[in-house]
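Residue numbers (this note's numbering), protein chains in the order written: chain A, 1 to 264; chain B, 1 to 264; chain C, 1 to 264; chain D, 1 to 264.
Read the hints as simulated data drawn from the structure, not as lab findings.
Don't take every hint at face value.
Which copy? The list can't say, so a pair holds if one copy fits it or any two copies do.
Straight-line distance between alpha carbons at most 27 angstroms, and here's what the computed DSS-like set of lysine-lysine pairs gives [stated by the list, open to error]:
{"no.": "1", "residue 1": "K240", "residue 2": "K9"}
{"no.": "2", "residue 1": "K233", "residue 2": "K112"}
{"no.": "3", "residue 1": "K43", "residue 2": "K116"}
{"no.": "4", "residue 1": "K146", "residue 2": "K199"}
{"no.": "5", "residue 1": "K112", "residue 2": "K234"}
{"no.": "6", "residue 1": "K77", "residue 2": "K226"}
{"no.": "7", "residue 1": "K116", "residue 2": "K5"}
{"no.": "8", "residue 1": "K199", "residue 2": "K79"}
{"no.": "9", "residue 1": "K226", "residue 2": "K181"}
4 protein chains.
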Amino acid sequence: MTIIKVFEKPKLNNPILIEGLPGVGNIGRVAVGYLIDELKAKKFAQLYSEHFFPFVMLHGESQIHLLKNEFFYWKAKKKGQRDLILLVGDCQSLSTNGHYEIVNKVLDFVEKLGVKEIFTVGGLATGEIEENPEVLGAVTHPELIKKYSRFGIRFAAEERVGYIVGASGLFLGLGKERGMKGVCLLGETSGFPIVTDPKAAEVVLKSLTKILNVKINMDKLDERMKEMEKFIKKIENLQKKALMQISKEEKAPVEGKEQLRYIG
Amino acid sequence: MTIIKVFEKPKLNNPILIEGLPGVGNIGRVAVGYLIDELKAKKFAQLYSEHFFPFVMLHGESQIHLLKNEFFYWKAKKKGQRDLILLVGDCQSLSTNGHYEIVNKVLDFVEKLGVKEIFTVGGLATGEIEENPEVLGAVTHPELIKKYSRFGIRFAAEERVGYIVGASGLFLGLGKERGMKGVCLLGETSGFPIVTDPKAAEVVLKSLTKILNVKINMDKLDERMKEMEKFIKKIENLQKKALMQISKEEKAPVEGKEQLRYIG
Amino acid sequence: MTIIKVFEKPKLNNPILIEGLPGVGNIGRVAVGYLIDELKAKKFAQLYSEHFFPFVMLHGESQIHLLKNEFFYWKAKKKGQRDLILLVGDCQSLSTNGHYEIVNKVLDFVEKLGVKEIFTVGGLATGEIEENPEVLGAVTHPELIKKYSRFGIRFAAEERVGYIVGASGLFLGLGKERGMKGVCLLGETSGFPIVTDPKAAEVVLKSLTKILNVKINMDKLDERMKEMEKFIKKIENLQKKALMQISKEEKAPVEGKEQLRYIG
Amino acid sequence: MTIIKVFEKPKLNNPILIEGLPGVGNIGRVAVGYLIDELKAKKFAQLYSEHFFPFVMLHGESQIHLLKNEFFYWKAKKKGQRDLILLVGDCQSLSTNGHYEIVNKVLDFVEKLGVKEIFTVGGLATGEIEENPEVLGAVTHPELIKKYSRFGIRFAAEERVGYIVGASGLFLGLGKERGMKGVCLLGETSGFPIVTDPKAAEVVLKSLTKILNVKINMDKLDERMKEMEKFIKKIENLQKKALMQISKEEKAPVEGKEQLRYIG
Numbered sequence: 001m002t003i004i005k006v007f008e009k010p011k012l013n014n015p016i017l018i019e020g021l022p023g024v025g026n027i028g029r030v031a032v033g034y035l036i037d038e039l040k041a042k043k044f045a046q047l048y049s050e051h052f053f054p055f056v057m058l059h060g061e062s063q064i065h066l067l068k069n070e071f072f073y074w075k076a077k078k079k080g081q082r083d084l085i086l087l088v089g090d091c092q093s094l095s096t097n098g099h100y101e102i103v104n105k106v107l108d109f110v111e112k113l114g115v116k117e118i119f120t121v122g123g124l125a126t127g128e129i130e131e132n133p134e135v136l137g138a139v140t141h142p143e144l145i146k147k148y149s150r151f152g153i154r155f156a157a158e159e160r161v162g163y164i165v166g167a168s169g170l171f172l173g174l175g176k177e178r179g180m181k182g183v184c185l186l187g188e189t190s191g192f193p194i195v196t197d198p199k200a201a202e203v204v205l206k207s208l209t210k211i212l213n214v215k216i217n218m219d220k221l222d223e224r225m226k227e228m229e230k231f232i233k234k235i236e237n238l239q240k241k242a243l244m245q246i247s248k249e250e251k252a253p254v255e256g257k258e259q260l261r262y263i264g
Numbered sequence: 001m002t003i004i005k006v007f008e009k010p011k012l013n014n015p016i017l018i019e020g021l022p023g024v025g026n027i028g029r030v031a032v033g034y035l036i037d038e039l040k041a042k043k044f045a046q047l048y049s050e051h052f053f054p055f056v057m058l059h060g061e062s063q064i065h066l067l068k069n070e071f072f073y074w075k076a077k078k079k080g081q082r083d084l085i086l087l088v089g090d091c092q093s094l095s096t097n098g099h100y101e102i103v104n105k106v107l108d109f110v111e112k113l114g115v116k117e118i119f120t121v122g123g124l125a126t127g128e129i130e131e132n133p134e135v136l137g138a139v140t141h142p143e144l145i146k147k148y149s150r151f152g153i154r155f156a157a158e159e160r161v162g163y164i165v166g167a168s169g170l171f172l173g174l175g176k177e178r179g180m181k182g183v184c185l186l187g188e189t190s191g192f193p194i195v196t197d198p199k200a201a202e203v204v205l206k207s208l209t210k211i212l213n214v215k216i217n218m219d220k221l222d223e224r225m226k227e228m229e230k231f232i233k234k235i236e237n238l239q240k241k242a243l244m245q246i247s248k249e250e251k252a253p254v255e256g257k258e259q260l261r262y263i264g
Numbered sequence: 001m002t003i004i005k006v007f008e009k010p011k012l013n014n015p016i017l018i019e020g021l022p023g024v025g026n027i028g029r030v031a032v033g034y035l036i037d038e039l040k041a042k043k044f045a046q047l048y049s050e051h052f053f054p055f056v057m058l059h060g061e062s063q064i065h066l067l068k069n070e071f072f073y074w075k076a077k078k079k080g081q082r083d084l085i086l087l088v089g090d091c092q093s094l095s096t097n098g099h100y101e102i103v104n105k106v107l108d109f110v111e112k113l114g115v116k117e118i119f120t121v122g123g124l125a126t127g128e129i130e131e132n133p134e135v136l137g138a139v140t141h142p143e144l145i146k147k148y149s150r151f152g153i154r155f156a157a158e159e160r161v162g163y164i165v166g167a168s169g170l171f172l173g174l175g176k177e178r179g180m181k182g183v184c185l186l187g188e189t190s191g192f193p194i195v196t197d198p199k200a201a202e203v204v205l206k207s208l209t210k211i212l213n214v215k216i217n218m219d220k221l222d223e224r225m226k227e228m229e230k231f232i233k234k235i236e237n238l239q240k241k242a243l244m245q246i247s248k249e250e251k252a253p254v255e256g257k258e259q260l261r262y263i264g
Numbered sequence: 001m002t003i004i005k006v007f008e009k010p011k012l013n014n015p016i017l018i019e020g021l022p023g024v025g026n027i028g029r030v031a032v033g034y035l036i037d038e039l040k041a042k043k044f045a046q047l048y049s050e051h052f053f054p055f056v057m058l059h060g061e062s063q064i065h066l067l068k069n070e071f072f073y074w075k076a077k078k079k080g081q082r083d084l085i086l087l088v089g090d091c092q093s094l095s096t097n098g099h100y101e102i103v104n105k106v107l108d109f110v111e112k113l114g115v116k117e118i119f120t121v122g123g124l125a126t127g128e129i130e131e132n133p134e135v136l137g138a139v140t141h142p143e144l145i146k147k148y149s150r151f152g153i154r155f156a157a158e159e160r161v162g163y164i165v166g167a168s169g170l171f172l173g174l175g176k177e178r179g180m181k182g183v184c185l186l187g188e189t190s191g192f193p194i195v196t197d198p199k200a201a202e203v204v205l206k207s208l209t210k211i212l213n214v215k216i217n218m219d220k221l222d223e224r225m226k227e228m229e230k231f232i233k234k235i236e237n238l239q240k241k242a243l244m245q246i247s248k249e250e251k252a253p254v255e256g257k258e259q260l261r262y263i264g
């Protein structure tokens with residue numbers, strides 16, 4: 001069961017889908033989230049799924065927050081730009097089959113809105129701190145390599161690693177089955193348990209904004225990322241504790257007060 | 001597969017849903033169960049689900065008992081009171097996605113009966129024995145904080161913990177998606193393997209009965225809780241043994257006679 | 001996905017369902033299997049399910065055997081007897097939710113054939129070798145205790161253990177939801193890894209045949225059980241190896257030749 | 001959710017289904033893959049499923065590759081030959097119930113194309129290096145033993161092992177439920193972590209091509225197998241790493257750079 005609730009039905013002309021869901025280094029989530037803020041894209045739909053963690057988060061002012069993915073749109077302002085649908089969210093599927101269900105549901109939705117091209121954004125874990133991270137790319141069709149090589153993307157992902165797990169890969173794989181074309185942009189990142197990687201997010205954003213021919217102010221990226229990092233760290237810790245609680249049914253304090261702060 | 005069997009279709013006017021399913025410290029289950037008894041609320045429907053443990057319990061007089069959740073209703077007796085639907089039960093979902101399925105099924109059901117407001121009751125594990133436990137709260141909408149602050153609820157749950165697992169959280173999260181409003185009442189409890197916590201259940205009941213403007217006799221709470229505790233302990237032990245039997249396929253006596261008392 | 005394939009549609013008058021699927025000590029499987037043989041009951045349907053292990057067995061003459069449950073019928077021969085539907089099989093559900101799906105599917109099927117009464121047969125593991133095992137019972141409705149006490153059944157199962165896992169319990173629990181009545185007969189057995197227990201199967205058969213008012217020859221029980229035991233041991237070993245292969249993806253010989261005899 | 005995308009609807013006369021999905025020693029995959037190449041069979045449909053691993057692979061030229069199974073057809077060229085549908089693929093189901101769903105979906109599909117006979121190809125792990133591996137066989141119906149004994153197949157699989165896990169067994173078991181007939185050809189192989197076994201693939205191909213009365217050039221088998229082996233090794237390693245990443249949520253470098261090359 002995956003449900004998309006639509007608040008508004010924007011008229012979009014041949015829009016591109018940009019996906020930035022949580023993943024390695026949270027590069028996609030941070031980069032696309034920042035892009036949404038800078039473009040002042042408008043939220044028009046949201047998705048929740050039984051394949052998400054079965055908990056709600058608590059935010060400031062004791063407000064509950066259901067885990068969800070959110071759709072934003074932005075209309076081209078000048079020639080050389082494209083209408084955009086941007087997808088960000090709190091999490092991906094907890095189950096393996098849930099990934100396919102959610103991605104197909106989103107593709108059904110955006111296909112009706114006219115999407116034929118997809119960019120997914122993720123991270124490539126290298127195991128080292130990257131001073132000058134590159135953007136590696138992967139494509140659904142060979143001709144896209146030539147088209148996008150000049151945007152600072154090195155199409156050599158397969159030399160480094162052999163697969164892409166989750167939404168960033170499946171949007172392209174399942175999108176291609178529907179006749180869509182797509183590119184995955186991967187920012188090199190250490191993969192160490194740092195929640196976000198400013199350098200990786202920045203270098204991916206640089207390529208992406210060049211491709212989309214939009215200009216955004218990168219100055220606030222560090223600051224915005226620190227804010228996002230607080231939220232993302234929280235949700236990742238909660239997912240870990242919730243996984244422990246769900247799978248081990250642990251109700252006794254064994255490790256100290258921190259672990260005990262759970263509710264149900 | 002989740003099925004709600006309806007015995008009676010009460011005519012209710014703008015009822016409030018009060019949820020008390022098993023969770024941390026079983027606060028909700030005990031508190032709402034006691035409220036049902038004291039109000040003499042009437043059972044009108046029951047739910048079972050493939051997401052519950054696949055066993056039946058045995059009660060006195062060798063009677064089998066299918067795991068279920070039960071719906072009770074109570075009609076307002078005087079001005080300032082509201083019609084109520086009260087939900088209690090033996091267990092929650094065994095699977096993560098089952099939580100969403102069951103909560104959505106219940107919301108479909110109570111939405112048709114006119115429910116637009118929800119109170120869920122649970123426990124917040126602190127790791128310490130609480131001599132004077134507080135009631136912490138969380139809300140679907142900010143304006144509810146002001147509305148309910150005067151009932152002895154401290155809306156600061158997010159300072160203490162970041163998420164609510166299972167029904168107590170999802171009823172609010174998924175209810176909000178349907179335009180409902182709700183509050184989660186959490187009684188501070190140690191979280192130690194004591195099955196029920198009288199003080200926590202009592203302090204939550206005090207707030208809840210004030211909010212609902214009903215008067216109930218609290219004297220029998222301790223006694224009723226000891227009875228419930230016997231049943232709840234049994235079902236929790238059975239769930240542990242059943243989980244062992246289901247997951248490890250253990251058919252040999254390895255730990256002594258106690259562990260062997262299982263049937264299938 | 002659970003499918004029942006029907007070969008014949010017998011006209012049955014108010015039949016009783018007798019369930020004997022694999023469980024503790026395989027008491028039910030052996031006892032009901034023997035009853036089917038002695039009564040010369042006729043197979044009329046079979047069931048398979050995606051919730052069974054995803055392997056086929058190999059029998060003599062290299063013949064593949066899909067895991068299934070089988071339905072037999074027997075028509076009453078004289079006054080005081082009842083038409084019977086007897087259910088035996090290779091296995092139960094691998095997943096927890098699958099138990100509910102399969103039992104409900106069977107109940108849909110037998111309800112259409114007129115079933116309103118159910119007997120399930122299982123084992124109660126005591127942890128000791130039982131020289132004179134008893135038959136313990138559990139019921140859906142209290143009045144059944146009085147009705148069946150005189151058949152050598154002691155209705156005290158709840159003193160010994162608190163739950164029944166799988167089909168033997170769920171047929172009664174879910175059957176009761178449909179207005180059916182039922183009794184579970186449990187033969188005391190050690191629970192040690194002996195595949196079948198002749199004494200337990202025999203004492204349960206004695207009660208069951210008295211209840212059903214049928215006379216069968218018990219002499220061949222030991223012999224038939226040894227034959228069944230060979231088959232049952234094989235399928236249990238295969239389930240263990242298959243579980244290992246499925247969950248650990250073990251393809252290397254680590255323990256010796258025996259473990260390696262697997263195919264895929 | 002399992003989807004078969006059809007590119008072409010060939011007119012086939014009483015075709016035989018030959019199944020060669022990944023399994024023990026990858027015998028089936030390699031043998032049937034080679035047969036497809038040598039016969040120049042034409043691809044006409046492909047299948048993907050939510051039960052496959054939720055990742056895409058990366059191939060040369062940074063191209064993403066969705067995990068799939070592929071259908072090829074070949075029309076008989078002379079008397080004594082039969083039209084063929086050949087099935088190969090990247091993987092089988094990750095979940096136990098998914099095996100049943102996928103096999104039934106394929107059987108629905110090929111049944112409409114006229115398939116009544118099935119050959120599945122797999123490996124039998126013996127734990128020893130086999131210098132002169134045999135082909136063992138298993139059948140849906142006893143009369144098939146006599147029919148196929150003269151093709152170098154020894155019908156004694158049940159002496160060696162008791163079950164067949166996954167597609168190679170379920171195609172026959174579930175096919176038989178639909179009135180189809182089938183044979184499983186198993187090449188003896190060590191089962192050691194060598195990805196492919198040339199001798200086993202060759203001896204199975206010899207029997208299969210005799211049965212099908214087709215002549216193919218076996219010279220390029222070794223060479224083709226080395227190419228396939230590279231791809232198969234990659235996908236198996238990726239499945240292992242992906243399983244680790246999916247189940248343990250491991251995002252930190254703990255074992256060295258190799259483990260870190262993952263993307264999402």
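Results for each hint:
For the identical chains of this complex, K240 and K9 are neighbours neither inside a copy (36 angstroms) nor across copies (42 angstroms), given an alpha-carbon limit of 27 angstroms. Taking the shortest Cα distances, K233 and K112 never come within 27 angstroms of each other, neither inside one copy (35 angstroms) nor across copies (39 angstroms). For the homomeric pair K43 and K116, the shortest alpha-carbon distances inside one copy (20 angstroms) and between copies (25 angstroms) are both at most 27 angstroms. In the homo-oligomer, the alpha carbons of K146 and K199 lie at most 27 angstroms apart inside one protomer (25 angstroms), although the nearest pairing across protomers, at 43 angstroms, exceeds that limit.
Taking CA atoms no more than 27 angstroms apart as the test, K112 paired with K234 passes in neither setting, with 35 angstroms inside one copy and 36 angstroms between copies. With identical chains, the CA atoms of K77 and K226 are never at most 27 angstroms apart, being 29 angstroms at best within one copy and 54 angstroms at best between copies. In this homomeric assembly, K116 and K5 come within 27 angstroms of each other (Cα to Cα) both inside a single copy, at 22 angstroms, and across copies, at 19 angstroms. Taking the shortest alpha-carbon separations for K199 and K79, neither the intra-copy value of 30 angstroms nor the inter-copy value of 62 angstroms comes in at or below 27 angstroms.
For the homomeric pair K226 and K181, neither the shortest alpha-carbon distance inside one copy (33 angstroms) nor that between copies (32 angstroms) is at most 27 angstroms.
In summary, the numbered hints that this structure violates are 1, 2, 5, 6, 8, 9.
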